[in-house]
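Q: Top to bottom, those sequences are chains A and B. According to this note's numbering, the first sequence is numbered sequentially starting from -17. According to this note's numbering, the second sequence is numbered sequentially starting from 2.
Think of the hints as simulated: they come from the structure by calculation, not from any bench. Don't take each hint at face value.
Stated by the list, open to error - Going by beta-carbon spacing under 10 Å, a handful of chain B positions derived as facing chain A:
id, residue
1, Phe41
2, Gln63
3, Ala66
4, Lys98
5, Arg124
6, Leu159
7, Ala230
8, Arg231
9, Glu234
To be verified - Here are some chain B residues the structure puts well away from chain A; computed CB gaps all over 12 Å:
id, residue
10, Glu15
11, Val30
12, Gly161
13, Ala257
Claimed, not checked - Short derived list, chain A residues pointing at chain B, Cβ under 10 Å:
id, residue
14, Ala17
15, Ala56
16, Ala57
17, Ala58
18, His122
19, Ala172
Where is the CB? At the ideal position from N, CA and C, for every residue including glycine.
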Amino acid sequence: MLLAIDTSAGTAVALVADDGSVVAERSTADIRRHAEVIGPFLADVLAAEGDVRVTGVVTGIGPGPYTGLRVGIAAAHAVAFARGIPLHAVPSHDAVAISLVEDGVAAGRFAVVTDARRREVAVTIYSAALPLPRTVEPAHLVPRIEWVPGDGITAYEVTEIPAAPLAHAAYARIAAGMTALAPRPLYLRAPDVTLSAPKRVS
Amino acid sequence: MNHLVLGIETSCDETGIGIVRGTTLLANVISSSMEQHARFGGVVPEVAARAHLDAIEPALRQALAEANVTLDELDAIAVTSGPGLAGALMVGVGAAKALAVALDKPFYAVNHLVGHVGADVLRTEGEGQLELPTIALLVSGGHTSLLLVRDLTRDVELLGETIDDAAGEAFDKVARLLGLPYPGGPHIDRVAAEGNQTAVRFPRGLTLPKDLERHRYDFSFSGLKTAVARYVERLRDAGEPVPVPDIAASFREAVADVLTAKAVAACRD
Ligand SMILES: [Zn+2]
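Next comes chain B alone, as it looks inside the complex (with noise of 0.2 Å):
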């Protein structure tokens, strides 16, 4: 079963074409128009639209050149199809249709958080299988979910996801309050390498056993990063200096703890 597929991804800011064989990587083309996105804070779906009209034909023609195949040897097409910036999709999946269609190849529309665990399928020599069932913990700047993979075409459940910002949001939201540039991933990270993760215990969203009950696998990071905000604003309005590296390693720390509680209760359960 070594099929030779390529892949369209354009749910958010990135144009993703990716080639395999079987559970080979042959190719992985990404044009990001987070540049782009910067000066706002954050994505905007039009300008990643756009940007991935412009990107998608000259990603193609790198993806199969890094490939070394032709579009006549592909075995099938697939893209994914959402969840995700709807005008930036509709790029991908019109343009994965139609080449679907003009070289008569099955045409497969994938789930965007099927897709990320797909990513683990990939094997270099050597290693082993994913074993399954699996507990699939997605974050990003879009994302924050569990999965319970049983089967990675058929059967896969979402356990729960964020009930408000994705994590990576949080840390943009809290990078700019902080006065630290976009995406605010690595700069909350680069400066919380200096900071004490103990300095102030945030709050832990949905971790109380009441919410529990109702959201044991959803996330919420929106009070956090209020939290965050009312912490910075006391310290400004007393004239005190706001020690960023100890409040960006105490965000980082709550988030990573509700993450990593919520996945390996996942995996016990």
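Here chain A stands alone, though its shape is the one from the complex (with noise of 0.2 Å):
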């Protein structure tokens, strides 16, 4: 059983058994409350946590506002390490790619798209397959106003992402022996620094 989190819009959290089936889950679009709602997020979904016990964590590792999808990662690292099992690191949009290719809804190539604030998108193309979508381009940042999808590709801008597809993409890396990822945050801007010299006063 698989504890996924995911603070890459809002806070999702959920616990995911190992046939896939959703044992419990919390989630909220509100983007500003991550620090506040992930502890209760977790209380409520490990309280469904029964005889059988997780055996790993998955964090969803945005893109996404830093900030934000720092404090789901640093809860991850903080369970995880409780409880002594490993952290598995999945694209935030291949949460969505699942979901979207297991519904019936994408089909070929498709992108995921979020909102990167500064008039930006992140965006994820996909070749819709299961128990996961390829990644044609992995998550990069293209101005809003620029970007149009290339030919034959269905876009999907989302505002949330669900936790329990991360559990199943982090149950298909694993069965598939992808690479492990590093689970800290797609960093896909670097920071903000000035480099400015004393300016005269006189």
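With the hints as a guide, bring the two chains together.
A: So this is what it looks like as structure tokens:
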């Protein structure tokens, strides 16, 4: 059973059994209360943990605004550390891609798009497949007004990242023996720093 | 009352993990990102936040090893909940809350300033108790505050604080305009040792009678920084040498003078 956490958009926490069924989940689309809700959400979801214990933690690694994103990743690190269980990292867009394909919405090539602030969008291009859609172009930033999906690509812009399919993605990655990703945010932007010389005051 | 508590602090550029049993310190692990900020002359919030996330788990492991305790033995988890850099704080808060839930331990969010005062509760054997009430003066790159502490957990009153730069920030800024490296404090201290602290009479912020009415226990260092800048510019414009040791010593004296005068006044009042 995996515990999945994503705070790349709102906050989503889910407990998913090895057969893929959702044991418990909590989520909110609120993009400003990650630190506030992560505790209660984890407590609620982990309360559904019965005799079958959590064997791993999954964290979404974005893309998403870094401050909120780090709340979930830090929490995932802490739970994995506290329980002595592995931590798996999954690009957050993969969760959306999986649910689009699972629900029969997306086929062929498609794009998952999320807002990246500063008039940019984060885009990942997939090719529909299960259990895990194939990543054609990993997450990257594009100015919103310039971005148009390529030929034959349908774009799906979302404002929420569900946690349960994040666990599905982790199961698929593990089953396929894919290389583990680092459990840290996809930093698509360098930190804002200004190196200004002292200004004259007189 | 010898509870075993693990505390997480990520409010600025240091990831700190402390473990105490009652008033005894068992571990105090600090992972600093200061070197990454040095070339920018001050803490860059996003750089600090990134460093916290990378450092927190190794720091936790190290602290538990140093204290020679296991997670199961802990009685509670505490975290600095603010004030501080939002992005940096959130890393510690996220980790602490998750740790508390996963271990099923009580969780305490602690005010950053009270946390600083709390450090003084720690005792080595044979040392007496901290006497209350007491006046606490907090001075660092992030704060300049005067607190009246009647009871550490229930009654801490903020008497005053800086209305612009923290004292440490003023040191960083003055160091830059004197051509000294970051962090400014130790470098200004080093060169000031060779200087004369009475060489230049720099202004003491918020000490005039009219300021004292409204800002009895508040501090201001931005006027002082500007005065130093103006002084240096005047010398440079006139083509005269800049006596860095004297300026550093006089600046340091002006800061220390205000800090001690206001702290002593708070104790007397
Ligand atoms: Zn502090």
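Q: Each of the hints needs a verdict: does it hold here or not?
A: Going down the list of hints, with the structure as the test:
1. Phe41: holds, 5 Å
2. Gln63: violated, 12 Å
3. Ala66: violated, 13 Å
4. Lys98: holds, 4 Å
5. Arg124: With a minimum Cβ separation of about 30 Å from chain A (threshold 10 Å), the hint on Arg124 of chain B is violated.
6. Leu159: violated, 23 Å
7. Ala230: Interface hint status for Ala230 of chain B: holds (4 Å vs cutoff 10 Å).
8. Arg231: It holds, given that the least Cβ distance between Arg231 of chain B and chain A is near 5 Å, below 10 Å.
9. Glu234: With a minimum Cβ separation of about 5 Å from chain A (threshold 10 Å), the hint on Glu234 of chain B holds.
10. Glu15: holds, 16 Å
11. Val30: Consistent with the label, Val30 of chain B stays out of reach of chain A, its closest Cβ about 14 Å off (over 12 Å).
12. Gly161: holds, 26 Å
13. Ala257: Per Cβ check, Ala257 of chain B is outside 12 Å of chain A; nearest 23 Å; holds.
14. Ala17: holds, 5 Å
15. Ala56: This hint holds: Ala56 of chain A lies near chain B, its Cβ roughly 4 Å from the closest one there, short of 10 Å.
16. Ala57: This hint holds: Ala57 of chain A lies near chain B, its Cβ roughly 4 Å from the closest one there, short of 10 Å.
17. Ala58: Since chain B brings a Cβ to about 7 Å from Ala58 of chain A, closer than 10 Å, the hint holds.
18. His122: violated, 19 Å
19. Ala172: Holds, about 9 Å.
Checked against the numbered hints given earlier, the structure breaks hints 2, 3, 5, 6 and 18 and satisfies all the rest.
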